[in-house]
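J.: Listed below, chain by chain, are the residues.
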Amino acid sequence: MDEPTGRVAAAPPSADGTDRAVTELRRVRPALRVGPVSLVLRPVVFGIVVALAVAVFALFCLDIAVGDTHIPLGRVLDVLGGGGTRSQRFIIIESRLPRALTAVVVGAALGLSGALMQSILHNPLAGPDVLGITTGASVGAVAVLVGSGGATTGLVATVGAPIAALTGGLLTAVVIYLLAWGRGGGGERGVTGFRLVLIGIGVNAVLMSVISWLLTRASLTDAARAQLWLTGSLNGADMARVVPAVVALSVVTVVSLMSARTLAALRLGEDSTRVLGVRIQSQQALLIGASVVAASVATAAVGPVGFVALAAPQIARMALRTAGEPLIASALTGAALVAGADVLSRAFLPVDLPVGIVTAALGGPFLLYLLVRMNRKATLS
Amino acid sequence: MIHPGTVRRRRLTGLLLLVVLLTVAVVASIAIGTRSLAPTTVFDAVTHAFGCDGGPFRCPARSTAEEIVRELRLPRTALALFAGVALGVAGALIQGYTRNPLADAGLLGLNAGAGFLAALSIFLFGFTAPAQYIWFAFAGSAIAGVIVFGVSSIGGGKASPLSLILAGAAVTAFLQAMTNAIIVLDNAALDTYRFWVVGNVAGREAEVFWEVLPFLVVGVGMAMAAAPSLNLLSLGDDVARGLGVDVTRARAFGLIAVVLLSGGATAAIGPIAFLGLVVPHMARTITGPDNKWLIPYSGLFGGLLLLVADVAGRVIARPGELQVGVMLAAIGAPFFIALVRRKRLVAL
Numbered sequence: 010m011d012e013p014t015g016r017v018a019a020a021p022p023s024a025d026g027t028d029r030a031v032t033e034l035r036r037v038r039p040a041l042r043v044g045p046v047s048l049v050l051r052p053v054v055f056g057i058v059v060a061l062a063v064a065v066f067a068l069f070c071l072d073i074a075v076g077d078t079h080i081p082l083g084r085v086l087d088v089l090g091g092g093g094t095r096s097q098r099f100i101i102i103e104s105r106l107p108r109a110l111t112a113v114v115v116g117a118a119l120g121l122s123g124a125l126m127q128s129i130l131h132n133p134l135a136g137p138d139v140l141g142i143t144t145g146a147s148v149g150a151v152a153v154l155v156g157s158g159g160a161t162t163g164l165v166a167t168v169g170a171p172i173a174a175l176t177g178g179l180l181t182a183v184v185i186y187l188l189a190w191g192r193g194g195g196g197e198r199g200v201t202g203f204r205l206v207l208i209g210i211g212v213n214a215v216l217m218s219v220i221s222w223l224l225t226r227a228s229l230t231d232a233a234r235a236q237l238w239l240t241g242s243l244n245g246a247d248m249a250r251v252v253p254a255v256v257a258l259s260v261v262t263v264v265s266l267m268s269a270r271t272l273a274a275l276r277l278g279e280d281s282t283r284v285l286g287v288r289i290q291s292q293q294a295l296l297i298g299a300s301v302v303a304a305s306v307a308t309a310a311v312g313p314v315g316f317v318a319l320a321a322p323q324i325a326r327m328a329l330r331t332a333g334e335p336l337i338a339s340a341l342t343g344a345a346l347v348a349g350a351d352v353l354s355r356a357f358l359p360v361d362l363p364v365g366i367v368t369a370a371l372g373g374p375f376l377l378y379l380l381v382r383m384n385r386k387a388t389l390s
Numbered sequence: 003m004i005h006p007g008t009v010r011r012r013r014l015t016g017l018l019l020l021v022v023l024l025t026v027a028v029v030a031s032i033a034i035g036t037r038s039l040a041p042t043t044v045f046d047a048v049t050h051a052f053g054c055d056g057g058p059f060r061c062p063a064r065s066t067a068e069e070i071v072r073e074l075r076l077p078r079t080a081l082a083l084f085a086g087v088a089l090g091v092a093g094a095l096i097q098g099y100t101r102n103p104l105a106d107a108g109l110l111g112l113n114a115g116a117g118f119l120a121a122l123s124i125f126l127f128g129f130t131a132p133a134q135y136i137w138f139a140f141a142g143s144a145i146a147g148v149i150v151f152g153v154s155s156i157g158g159g160k161a162s163p164l165s166l167i168l169a170g171a172a173v174t175a176f177l178q179a180m181t182n183a184i185i186v187l188d189n190a191a192l193d194t195y196r197f198w199v200v201g202n203v204a205g206r207e208a209e210v211f212w213e214v215l216p217f218l219v220v221g222v223g224m225a226m227a228a229a230p231s232l233n234l235l236s237l238g239d240d241v242a243r244g245l246g247v248d249v250t251r252a253r254a255f256g257l258i259a260v261v262l263l264s265g266g267a268t269a270a271i272g273p274i275a276f277l278g279l280v281v282p283h284m285a286r287t288i289t290g291p292d293n294k295w296l297i298p299y300s301g302l303f304g305g306l307l308l309l310v311a312d313v314a315g316r317v318i319a320r321p322g323e324l325q326v327g328v329m330l331a332a333i334g335a336p337f338f339i340a341l342v343r344r345k346r347l348v349a350l
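Chains as they are written, first to last, in the working numbering: chain W, 10 to 390; chain A, 3 to 350.
It should be emphasised that the hints constitute simulated quantities derived from the structure, not laboratory data.
One thing to keep in mind: the hints can contain errors.
[To be verified] Interface residues of chain A toward chain W, partial, derived using beta-carbon atoms under 8 Å:
| no. | residue |
| --- | --- |
| 1 | Leu168 |
| 2 | Ala169 |
| 3 | Ala171 |
| 4 | Val210 |
[To be verified] Anything over 12 Å on all C-beta distances counts as not near chain W; from chain A, calculated:
| no. | residue |
| --- | --- |
| 5 | Leu14 |
| 6 | Leu18 |
| 7 | Leu19 |
| 8 | Val26 |
| 9 | Ala33 |
| 10 | Ala80 |
| 11 | Gln134 |
| 12 | Arg196 |
| 13 | Leu215 |
| 14 | Pro216 |
| 15 | Phe217 |
| 16 | Leu234 |
| 17 | Ala242 |
| 18 | Val249 |
| 19 | Ala254 |
| 20 | Met284 |
Quick caveat, the model's predicted, so the values are computed rather than measured.
Ideal Cβ placement from N, Cα and C applies to all residues, glycine included.
Looking at chain A on its own, in the form it has when it is part of the complex (with noise of 0.2 Å):
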């Protein structure tokens, strides 16, 4: 048994580490790329930005470093960070609500309903922004998110970790086969798609991170909120029920909570697998189950995952740059294998 005083301490030294952290990969996402700047200009050009009238994304710029910063950099970094702060908490709910430690948005099949939507709206309507089709995202990956968990929770029972895993397999592979349906009929739609389906943060316009924003902080604020309520559900159905929690209402809150989150990072950078998935193991290593502080940790834990994702992606593959969702997928994924070889999967 830990000495609570000790768990504190560690809580709050990590959380200042956390935030050191983040600040230094902020500042890396702005001076690394295809061209490098010296930190004191990266300084410079932020401070100028923000003493603008027309925001840090309107202001003219006064020379090309600073083009550069602001016009590229500051809104890449802003949407890798917000995206990875959504994507950390989403994770931490999924598998707070579901007891599964295997449950992610990409292996739940959130992110083919996001595609599936996006692919139709672009095909239908013709859109080349991401800032038109991200409302097609969104709704796709709600439909998805209520399609799998209400299949893996049919018949009453606790859905084991295998049984929602498949569901999300399995809805997965049905919504990617009608998605190819769509982008083989028409090569323009293809053209846009496949930008979007590899998970970037590269070439996004700065209104698309002003469009998903509101939706990200209120599902942050909504995780926030519901954290009391998982905590008691973590302890069971029923306990939780004797202690005054109306199960049935929490659950749907924190679906919609991992909806907003997740649905409006995907639509802004396309499918990230496995972040939702590694980010709340990282997160638990030093806050334990208390999602009071769980759900706060795995947001800065995904900020600075996706923020350094993206930053080695530019770095491995220079000149050119691997996309964010491919890192992920390879920095996920032996996370994962790692964890179902673990002798017994607990129930969380």
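Bound-form chain W, shown alone (with noise of 0.2 Å):
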């Protein structure tokens, strides 16, 4: 990984005895403990994150404002604020709004989900889109999307669809996770991350084949619903398919933020981390499948955005230069991502291309950067 700045190393043992580097410690670096939780303090890093939610609440005004018609920024803060007239209100809570705000859940888990992986895999570029989570996902509501036979609403397509999607995710999740146990370099039971990273990625040829041939199966219109819906769009997004995402994205949320410290002592190396005393694979399991639950949400309600869960965690631990990828960070730089390509689609690109289009767009040149950045680093250490 990454040179360890801004972390806190263990009191190292003084002449003036330990008491004192601890205090030392506490004085430099202030903590902020609620039971298991446990954050330092840290001004500058503190700043930025402030920053960055801010962004995203900006980027959140402006994505109701553009549109078909532009409505001011200062009605929208009006509006989101209580005031307005009836029809304003309207148009911005029923139609603009479910969008918005799906942009940024769907952003934030994604973000988060990807920090997660990255953080447990040692891997900057593992993140659920190169394991065939997000393929996984895909299957499920391709195959709801072309076996429901041309249903363009009701029940089949705004539900089957992103249930078929989560079960997809998850389960794809579960056959990776089971293939890549066994025995590690070691000799100790478990999952390697090396291992897992190589099973996703032929698990995820395997289901861009089954998509290939379920498109074959279906008729045209069908095909062209599924294949809008793989390209990751946020038309028609709706409230009903947003508050399942907040839920997920809020629990997930939870979970990771009480298993930082985890997560950081995982950073040191498996072996490293057994000898702090962590359950390294159900710590593993649980923060994996926290990952997952939050790709397979995002992916089922507007379908596959790529590059965020890849991108985010690695722009957030740059402007913050921690060691690891900082989860709240990495939530928001996701949001502020899709957020920003919905808006920069609708508002600036003669097309109004999906979302998932935009986010792959910017995103693969920022994947070439980190794979040359990867590749010296590894030829100088």
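Dock chain one against chain two, each of which comes alone in its own frame, and use the hints as you go.
T.: Here you go:
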């Protein structure tokens, strides 16, 4: 991983006695503790996180403001605050808000999911996209969209597809995890990150071919509808679909924050983690589970939005200059990326491209940069 | 230590067996289908076809059975056989040059590159026939190949199995998204593309076969020519250099051969994953690491596997059929997973 800037090192045994060293550390890094949750307060990091949150809110308002008819930002803020006329409230609350809210929630879920997965697997390129989890979710949704025989509305399309996506994502994760289970390099039974990533890529290839096959079985209309879903589109976002995503995102956030300390320990490598007394396998499984749920819920809501889960944690890490992928900042960055991509697409692009395509187009070059950087580092060390 | 004579005998026996199996697979591929034909009818139709003036694909048919054989089954079988050979040889080359037991044209993004440019050309020029867009698919896999190998070799280090595969997965994901962007804008492009991308040897015209054939032949020739230097490269770059191999030039030569083979095959029948991964491992159990044997063996195994998968796809899903790309994913994935699960991934 990176140089350990900003991480609190274990108190060194000094001649003056350990107590004083600990007090010294406390003075430098005041910590906030609530039960098992412990956050070290770092003013710069805190400042950047607040700035990110402000940026997300700004993009959220902008996403409401742009569209077929642009609404002045002032009025958006006014309506969100409870003011505005009845018709203004209708347009903003009923038609624009769900879309913007979906963008933010989906982005946050993807960012968080990516941050968890990348921390656990010690690889900046590991993410639900690369591991095939979003593809598994896509198989579920496409199967429903193709199998329902052209139901564009109704229960099948609005409820069936998201549930199938969620099931598909979770099933894929379980399969990958079970397949990766085995004897590791040290003879210890368990899951190693390296094997998990490779098996994920293999499973992803199979799932892609299943999607291709499903698309040939469908009528052209159904195939087109499935294809649109596959690009990750915010069109048709509604409150009914955001609510489950919000609930899931909250649960996952709480779980992952409570495990933040474990995550920091896992980052030190599996042997050190074991020495520190963390039960690796169960913690790993829990956190991978949280990551998968977040990614699947996001995919279920709008379709696969590529590269956000991959890029958001890395951008957050670079901004905060932390050793590992920061959870809250990654979620905020993800939200900003998706909302920003939606604003970009609707306000500036000649065609209203699905948000997944915009994020992929921006994410591709970033990914290549990451790859090159990773290879350089591997060669130097 | 196995006696050299034993290895030699095993290689020759294996070769004989492979040729016999291939013949059986070819006959089965011509005979089995929605309408199954008796072997005698097949034999008769084929001999008559090859005795014709206009060549086997342009001969006037004397009966419906003959028409099926000529128009549908022969081109299909020839395409499957040659594409399989090409993909098998390409797989052996990729694994040899990258010294990576997990390398495969599909996993390394070459297929996605072909898919992207194919979709782009279908969208821009309204192509509907494979013969029109194969050139773009070709160029696409070449570009993707250069990007993946380039990115994973920046930094001058040996690309580890993980980093090369990740580079492939990354490029694939990006190109796939771009492809989606194109076909979501245009239903006609989607309609053509979705039948190409699944990986299919049915319904391709004989014209496609003749167009890609020269590339496949040149590619196989180059692969055979590269075998001795590839053997030296497998000793490590420094040793190879010491023995007088121009390492960079040898690598470039190899990459060109891979693109000709897998690009040509992908252009003709669509992206096929896992074949190039599985086949060299099968071949290696018989031939050992010597590329002079491994490469031709991989070719024959590739042709055999693609034919068998195609025939099996027709039998399993009767009266419809399961495309060969799907069949190979189903066969190849368990193999890939078993390979990954092996205790240590030994570099080749």
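J.: Compute the least Cβ-Cβ separation between A:Gln134 and chain W, then decide whether it is above 12 Å.
T.: holds (20 Å)
J.: Mind verifying the non-interface call on A:Ala254? Its CB should be farther than 12 Å from each CB in chain W.
T.: holds (20 Å)
J.: If I take the minimum Cβ distance from A:Leu14 to any residue of chain W, is it greater than 12 Å?
T.: Holds, since 34 Å exceeds 12 Å.
J.: Does the claim that A:Arg196 lies off the interface hold, with its Cβ farther than 12 Å from every Cβ of chain W?
T.: Non-interface label fails for A:Arg196: nearest chain W Cβ at 5 Å, not farther than 12 Å.
J.: Can the hint on A:Ala171 be confirmed by a CB-to-CB distance to chain W that is less than 8 Å?
T.: Holds: closest Cβ of chain W sits about 5 Å from A:Ala171, inside 8 Å.
J.: Hey, does A:Val26 actually stay past 12 Å from chain W on C-beta?
T.: holds (27 Å)
J.: Can we trust that A:Pro216 is non-interface, i.e. its beta-carbon lies farther than 12 Å from all of chain W?
T.: holds (28 Å)
J.: Minimum Cβ separation between A:Met284 and chain W greater than 12 Å?
T.: holds (17 Å)
J.: Verify that the Cβ of A:Leu19 lies farther than 12 Å from every Cβ atom of chain W, and report whether the claim holds or is violated.
T.: A:Leu19 is indeed farther than 12 Å from all Cβ atoms of chain W, at 29 Å.
J.: Could you check that no beta carbon of chain W comes within 12 Å of the beta carbon of A:Leu215?
T.: For A:Leu215, whose nearest Cβ neighbour in chain W is about 26 Å away, the distance exceeds 12 Å, so it holds.
J.: With 8 Å as the cut and Cβ atoms as the points, is A:Val210 at the interface with chain W?
T.: Interface hint status for A:Val210: violated (18 Å vs cutoff 8 Å).
J.: Are all C-beta atoms of chain W more than 12 Å from that of A:Ala33?
T.: Per Cβ check, A:Ala33 is outside 12 Å of chain W; nearest 25 Å; holds.
Of the numbered hints given earlier, the model fails hints 4 and 12; all others are met.
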